[in-house]
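Novice: The primary structure of each chain is shown beneath.
There are 2 protein chains.
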Amino acid sequence: MNLAVAVLRDKLLGLQHLGSMNALLSWDQQVNVPAKGYEARAQLMAHVSGLYHRNFTSSEFETVLMQAQEAMDRGELNEDESCIVRETLCDFVKSKKLPNEFVDELSLTCARAHDFWARARKNSDFGLFAPHLEKIVELKRQEAELVNPSDSWYDVLLDDFEPGLTSDKAEKTFTELKKFLVPFVSKIANSSVKTDRSFLKGPWDIGKQKKFAKMVLTRIGFDLDAGHMGTSLHPFCQELHPSDVRITVRYKKDDFVEQCLMSAIHESGHGMYEQGLPVEYFGTPRGEAVSLGIHEFNSRLWENYIGRSHLFWEYFFPELKLYFSEVLAGVSLESFYKAINCVRPSLIRVDADEVTYNLHVIFRFEIEKDLIGGHLTVNDLPRAWNQKVADYFGIEVDKDANGVLQDIHWSEGSFGYFPTYALGNLYAAQFCNAAMADLPEKILPEEFFKLLLGWLRTNVHSKGKLYSAAELVKRVTGQELSVSYFQEYLQTKYSGIYGV
Amino acid sequence: MNLAVAVLRDKLLGLQHLGSMNALLSWDQQVNVPAKGYEARAQLMAHVSGLYHRNFTSSEFETVLMQAQEAMDRGELNEDESCIVRETLCDFVKSKKLPNEFVDELSLTCARAHDFWARARKNSDFGLFAPHLEKIVELKRQEAELVNPSDSWYDVLLDDFEPGLTSDKAEKTFTELKKFLVPFVSKIANSSVKTDRSFLKGPWDIGKQKKFAKMVLTRIGFDLDAGHMGTSLHPFCQELHPSDVRITVRYKKDDFVEQCLMSAIHESGHGMYEQGLPVEYFGTPRGEAVSLGIHEFNSRLWENYIGRSHLFWEYFFPELKLYFSEVLAGVSLESFYKAINCVRPSLIRVDADEVTYNLHVIFRFEIEKDLIGGHLTVNDLPRAWNQKVADYFGIEVDKDANGVLQDIHWSEGSFGYFPTYALGNLYAAQFCNAAMADLPEKILPEEFFKLLLGWLRTNVHSKGKLYSAAELVKRVTGQELSVSYFQEYLQTKYSGIYGV
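Those protein sequence lines, which keep their order, are chains A and B. Quick note: the first sequence uses the numbering used here, first residue 192, plus one each step. Quick note: the second sequence uses the numbering used here, first residue 192, plus one each step.
Since the hints were derived computationally from the structure, they do not count as laboratory data. Just so you know, not all the hints are guaranteed correct.
If several chains are the same, the list does not tell them apart, and a pair holds so long as it fits within one copy or across any two.
Quick list of in silico lysine-lysine cross-link-like pairs, DSS-like style, CA-CA up to 25 Å [stated by the list, open to error]: (1) LYS227 x LYS641; (2) LYS313 x LYS402; (3) LYS326 x LYS392; (4) LYS392 x LYS512.
The whole structure should be built from the sequences, with the hints applied where relevant.
Specialist: Structure (structure tokens):
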């Protein structure tokens, strides 16, 4: 390795230790911290974030980075080394614009907000969370202004999650998507096919839920010896290292499939991406995921394209029946397949079917763009949210816990995150299409899981941040991101179920 | 607060954040880290330890500390402030003698050893652990030599856990103890009273174990809103902050009382101490526990003096019977009380009864003193261990997992820790005696738990490191530490059970 880059890598690894610390603090915050411990945790997280920022933007680090940049400018670096320097520079330039005190305040505000969001959601009391959210919104606008005063605030924030994405681009994609989705949802709603979902209410034994979920994760390829499955209010994945990837799920007696199993498959999709990142580049951008959109394609691919497929359940349904014989007595594979692919308007994004899911995302994008842009106040959020749900789904939000309070993202200051979910669905369709073309046709499920994961390892995971998301999709699938694969996928799958 | 001390306190608080991080890393290491994640975790822990050491021994910190020391020397500080400066100085002087690279190596070696110890124990294969232990022993000798070349290695290490304790003092106390214990154990062994312990084998439902244990902890005063109960191989308590105190237990179907409940009460005794430390001094010695001996007195007091008392079970036994009606059908309170206080030779320290417990500690002290002193090699440990068990208890160790591999301490480099367990028992008897004299006589159990915890808060917890352990025992009980209270306690309790 080029000497200047090797020195940079060692510095980055030291920083990464602080990053892993914050990852653990955050995972543990959502899984273990007791009620009275939130304030101490918030201060601890803010301290570690501050330490990270100070080290990353120190003149000592800058010197090392500049030397690596000079080596790059002299053309001495290979593409792996260039990736490290280029991406680090990009982060560095952004971070350097944020004063230490600003980072301290933002970290502390967000870390504190988590508890208020969780309590507000629990009690369905938006007022508990509103003042914290107001402060976060204000700080995120300031952050955007500091980072890039010439762009719109929301666009600057978007770039953090999906480098290169702008609200114009997102809007264009989403408009195209809506043009397909809205009439498609209508057609399905008017279909004469009716689905019985009553048996999904269980009751499902919680011990068995855990066991079944772990069995499924292991079979599809999530390595539980390099991962851990915990419990939290909002399922998520947090990586400490490719050998220690944490996912969480939640257990409800009256809903195993959506709340637990599909979440577990989804999060393990994220987890398998993290487990597959090149460990020899750990701590550097070469060892990091490309973007959140690409991350989400991994989770959505495993959750939907695999976990909700007919083939998947041909394989797992007999075992599911053995585990839960009482719940599933008399339920056929066909009824089960239809039930878990039932398209209907719903209040909760993470439980939404594949067809309506993107509409959940699109209206969040519309709302947060207005919120950050100053066209909507925090106090107006519940009203605006409920209006969108009425507009898109024709249903009424019964309480804020099932509406504006359902997602954790804004409490973490993550504005611009939601659009990556919709992109993830589109990427998933396009990459899945490419994978299928490469894989042999008639193979047994376990072999298929293995080959698919291998394909993802080779084509996506092992690449780290070597290419941008836009480059990656072109290299692997041969063309730019297009909504057509996703539309085709939905059309084929759901015409089969609903005859539309 | 004196300005120089306030500046010092702020610096200490920054350091404490790193300390809390390491506490979380260590807790999480034993509770959540997956098999393949151990190496990454070891490196992370070593990095944070190294960061702590570098900051603590930096010239910047030294300047701040020296200014506070000057203020102390000028007589400007009150006793709380003096405590902060005095105790910090004491740690600083020690730490300053350890080079950064030495601390890095020791931290990494110990963090790595945990996994090998756990696997060695699981497979009862001492050879897996031996090379790691050898390296640790060598490093701990080096540490002792660096810190204080004029004292014996073991004495220098002892001082870390129980400031002021020497092996001569420990030996004197233990000789006195043995003189009482050995014939006392004999007398009990020869007593005609026989105890039926068969029902303790359950089977105990694990869900109910957890629920019952949490109920008991809550009633005795461990605040689960400022604490968390997890699961690990070796039960322990780890404090991140007085508002976030972690304990762990373990669940076995065939042993609820010893393996889970008594452990939970023991660890919550440690936990209540941590929850009671003065939060306004968090991060400074004024907000820290005095010594491990005093810590252990809190845990042993709740576990034994309370948790194994007749009064305790008069209160809880009816509920226990409701929880586990099948296991305890036909079992009387008297039989239960005798069963959980049955004195018999045993292999596992943490499951030992109150009478033989200290003998477990004493022979560990004898072994580790020889080991550190160079009179015993690591390879000779299993043999030496088994010989001691034969000498003290007249029984044979069936496998190293139940012998030399049972305790985690040496894998963490904690030599000199064990003696504090025996001191804890002695302190517990003496402090308990003082508490009983202060508390009203005829009160209901819940009121008693509350008053006792209040007494501990006032007389012990709130004091932090204001006084040394030796001073504290004198101030609160009116005299120096004596073995007589412990002997009297055992004599009274066990003559009641065994008629000896």
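Novice: For each hint given before, does the structure comply? Return the numbers of the non-compliant ones in rising order.
Specialist: 3
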